[in-house]
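Undergrad: First to last, the sequence lines map onto chains A and B.
When we follow my numbering, the leftmost residue of the first sequence carries the number 1, and every step to the right adds one.
When we follow my numbering, the leftmost residue of the second sequence carries the number 372, and every step to the right adds one.
A hint or two may mislead.
To be verified - List of simulated lysine to any residue pairs, SDA-like, C-alpha gap at most 20 Å: (1) A/K295 - B/L521; (2) B/K392 - A/L182; (3) B/K573 - B/P682; (4) B/K392 - A/E211; (5) B/K390 - A/R136; (6) B/K388 - A/G137; (7) B/K388 - A/L291; (8) A/K295 - B/D383; (9) B/K388 - A/H299; (10) B/K435 - B/R408; (11) B/K564 - A/H75; (12) A/K249 - B/R421; (13) B/K390 - A/E211; (14) A/K249 - B/Q422; (15) B/K388 - A/E211; (16) A/K295 - B/Q422; (17) A/K295 - B/K392.
These are computed hints drawn from the structure, not numbers from a lab.
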Amino acid sequence: MIRLDRRLILNFDWTLFILVLIISGIGLLNIYSAGFSLTDLRQTQLYIKQVQWILIGLVGMALAFLIDYRFLNRHAYIIYGISIVLLLVVFTAGYATRGSQRWIAVGGFTFQPSELVKLTIILALAKYFDRHQIGRGYHLTELFIPFLIVIIPFLFILKQPDLGTGLILFILFLSIVFFVGLDWKSLLIAAAGGLILTPIGWYFLKDYQRERMLTFFSPERDPLGSGYHIIQSMIAVGSGGIFGKGFLKGSQTQLKFLPEQQTDFVFSVFAEEWGFLGGMILLIMFLSLILWGLKIMIHSKDYPGALIAFGITMLIFWEVFINIGMVLGILPVVGIPLPFLSYGGSSMVVLMTAVGLLMNISVRRFILQSS
Amino acid sequence: MRKIGDRLDGYDPGQFKHKFKMLFIIVSVALSLLVMRMWYLQVIEGDELRQRSENNSVRLRKIKPMRGLIMDEDRRVLVDNQPSFDIVFIPNRTKDIRTVIDKIKELYTERSLTLPALSALPGRVKPFVPVLLERNISMEKLAVVETHALELPGVVTEVTPVRKYLNGEMTAQIIGFTGEVSREELDRSAAGKLSPGDIIGKFGIEKFLDSHLRGKSGAEQVEVNVAGKAVRSLGRIPATTGDNVVLTIDSALQEAAWSAIGNRAGAVAVLDPRNGAVLALVSSPSFDPNLFNGGISYDDWETLSNDPRHPMENRSISGQYPPGSTYKIVVAAAALEEGLITPETTFYCNGTFELGDRVFRCWQAKGHGNVNLHRAIVESCDVYFYNLGKLLGVDRIAAYARAFGLGAPLGIDLPREKGGLIPTKQWKLSRLRESWQTGETISLAIGQGFNLVTPIQLANAYATLANGGVLYRPRLVKQLESLDGHVVKVFQPEKQGVLPVRPQHIQVINQALWGAVNEKGGTGYILKRQEQDVCGKTGTAQVIGLPQDEKARKAKRVSADFRDHALFVCFAPYGNPEIVVAVILENAGHGGSAAAPVARKVIDAYFSRKKMTQTQPPAQAQGAADVRKMPKP
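My request is simple: use the sequences and hints to build the entire structure.
TA: Encoded structure:
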């Protein structure tokens, strides 16, 4: 399973590793600032916790790097099954805050299995499509099993409720389906079905989720509730100007006008203190990370490797796009963390592990080539 | 098992090259969109937004909702809202809270007023987070602060509604009070329902119907200047006033019961037997719920909670007392229905009843002679019921007691209702790990021993007799109404069961209860009235077992804390009962002499009010006349 090979070190993907470290480092500074100056001592410890998460994440990354991804691919369904069981545990014995039950507590730490599911469905889908290659676009009926793979955790997560994570799962599913190829007739039917299902889906949303959707289309509808996030977030970002207000000097941040400023709205803290330039640099780093992931995908020496690399890259891309889009007020407010920047252990550990997997695929193309 | 590398066959490494181009375009376009949006916000709108953040700026101000009113059955307001003025300090980075407080102190002492609880202020102050300096200030203090507004930057007075309990102690136990939501209550509440600083019901109806009374907070987003004063409103959601609650309580009866009980400890429960509506519910001693407005002071709370007379306990629903002789109706109904006796069966009472080597006494030491059921209830002969107890056994008595609604909470619309205790053999075995003694059944038959009932249960048990056998859930709430008077919800009578006793047996017991008040020698003769036929039963409940020795008995009775509880339960008028009254007075002695007069005041109040209303609409007087034609026993 784990074979330490000289070539693992020789061909180690330093670019990817350093890129992720830099982004996480920026995130850490930013968390420090977001938690700074609060009179509450508990809050100022946030960055220390975040350091712990990064360290744990690096362990996850090392493991994911060392275990041959083809081994993981072989056991993808079992790994997927375990993550579903964890979701079930959340369902029955989970820990709830602010009205949603998303966490399980493991000795002092809380863990969010829905974050893990983001990665395990990529593995499961990669395995499925690898086993069922047909050389043409898939018909809808042929997509039933992959759909099942996604819809089971999707429903659990929606029930928690966690609209953001559910949305990501669904978008990942669509991305992968488009990637492996969809029959054009099926595409039309799916599009039509989607249009019909939207109003029905609306019916199943919780009141606060509907409220957020409506607020997105007209923030002035509710300038106090969910609209408050958006308005304050845009003021924070905008007031940063071109060069930003400087580290620890963002007044919106330091005066705590922003709710959830360490988690989902962490980008507004960054944009306020580092301005347009800082935001540009961060986005360029994310772009590099994503393009690097795609490069790993095209150079992968086998089909499942390419699919996993694609899935992970898309996960990072969509989270970055939706999260920042939401902070900037061009997408509705849904709970999706900003990769490597948002405070929170589960997301950090899972993404680090995912990056480890990317490195794994990246390095093994050299090993596979020569075998 | 497949070997690593198997899958390489047939895989074209270049097959995703063309997809890469498409993905590259998608990703680049998406991220460019974000950059463009950042450019728009930070460069084009940057100055304006920076301005807004610097003035800053925008703050959420909560608009507290008005709580609904609480009214009696006749829509007389029992609980109203009144404005309370609070002094709030809004700190910012430049002003120091200590200097401001010193300044206020100085202004106060000029007029020999003191600012309380300065020590309770937070040590460190967060900028822009309002600090409550003093709640519910007097008009003088308000004037001081308002006239010196310029010397007190950042100090604002805020108006919030607080409760005004118009009847104070008289209805405190029913209505309860409100207070600021506690940490635990916040944690327990559903998301978004409560937030820190909210005022919620803590006791009584205020607590029970809190979700209806509370209303919904509104909010306003305001832009504030450096001094923390609101400059302009950016958006506003008004607060929604809570629903008004109409109780079934009749204030006149409540008043009558409250004044009759005086400063004695005890409780009165008054019901309408036809539907279970609670007409009055008094518990004494009581407390002033207005003390809780704007937070009760530490001293007041200490006094209240350490009072040995427990004024905060609602004795009418959570006081558990031995029922004494009022319990005899249960035993009588059980014996009749089980066919152990007929109304004509007699037992001879010589003043004592012997079981093995134990002697049980009748309250009438010289004995009642030969008594049938009617006389036994009228004169409350203990020996007669000792005999019934022996015939029935504990478990059969318990089964009937439960049918009368005893032994479990009735589900009245108030928190903290107790269930009392109806013992069975099984209960004693599992709770005390002892087997049941026959002697215990004997004292049980006259309502002594383990038996415990609450005043509301007692009233409700007699109500089932009065209405011919229907057990209702006692209701305190008639309906909920919105601010504009629309009825939101009407609470209907709720049948909980039917007494498993035949009508002719209920009739026999009711006749005996009539006799107890209206016949010579009846224990409740003191209550005899000319106008209305009252049926009732006295009870005298021993607080502790009395020694057998005559002298020791006398000595024991002297100590006030060990004096008997006085009970009286009655309903009227005989033919078609409209009102049931249960009275319990703690350590007050004999039921007939101590408790019955209280019940009489309530009955009088009820019928004098009814007379007044009846003289106006003649149609109703006709109906009442029919009632009078019912056969007399």
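Undergrad: Are the hints correct? Go through all of them and say.
TA: Verification of the hints:
Note on A/K295 and B/L521: the hinted pairing is violated, with a Cα-Cα distance of about 67 Å set against a maximum of 20 Å. Between B/K392 and A/L182, the direct Cα distance comes to roughly 18 Å. Compliance with the 20 Å bound is thereby established for this hinted pair. As the CA atoms of B/K573 and B/P682 are separated by approximately 16 Å, the hinted pair is consistent with the 20 Å bound. Distance hint between B/K392 and A/E211 is unfulfilled; the C-alpha atoms sit about 38 Å from each other, more than 20 Å.
Among the hinted pairs, B/K390 with A/R136 is consistent with the structure: their alpha-carbon atoms are about 15 Å apart, no more than 20 Å. A hinted pair counts as satisfied when its Cα atoms are at most 20 Å apart, and B/K388 with A/G137 qualifies at roughly 17 Å. Between B/K388 and A/L291, the direct Cα distance comes to roughly 13 Å. Compliance with the 20 Å bound is thereby established for this hinted pair. Distance restraint check for A/K295 and B/D383: the Cα-Cα separation of roughly 15 Å lies within the 20 Å cut-off, and the hinted pair is therefore satisfied.
Distance check on the hinted pair: B/K388 and A/H299 sit about 9 Å apart at the alpha-carbon level, within 20 Å; holds. With a C-alpha separation of about 37 Å, the suggested pair B/K435 and B/R408 falls outside the 20 Å cut-off, and the hint is violated. The suggested pairing of B/K564 with A/H75 is violated, with an alpha-carbon distance near 45 Å, which exceeds 20 Å. Proximity of A/K249 to B/R421 is assessed by CA-CA distance (about 13 Å); at most 20 Å being required, the pair is judged to hold.
Using a Cα cut-off of 20 Å, the hinted pair B/K390 and A/E211 is violated, with the two alpha carbons roughly 38 Å apart. Our distance criterion of 20 Å between C-alpha atoms is met by A/K249 and B/Q422, whose separation comes to about 15 Å. Distance restraint check for B/K388 and A/E211: the Cα-Cα separation of roughly 42 Å exceeds the 20 Å cut-off, and the hinted pair is therefore not satisfied. A C-alpha spacing of about 44 Å is found between A/K295 and B/Q422, which places the hinted pair above 20 Å, so the restraint is violated.
For the hint pairing A/K295 with B/K392, the CA-to-CA distance comes to about 11 Å; that is within 20 Å, so the pair holds.
Hint check: violations occur at hints 1, 4, 10, 11, 13, 15 and 16; the rest are consistent with the structure.
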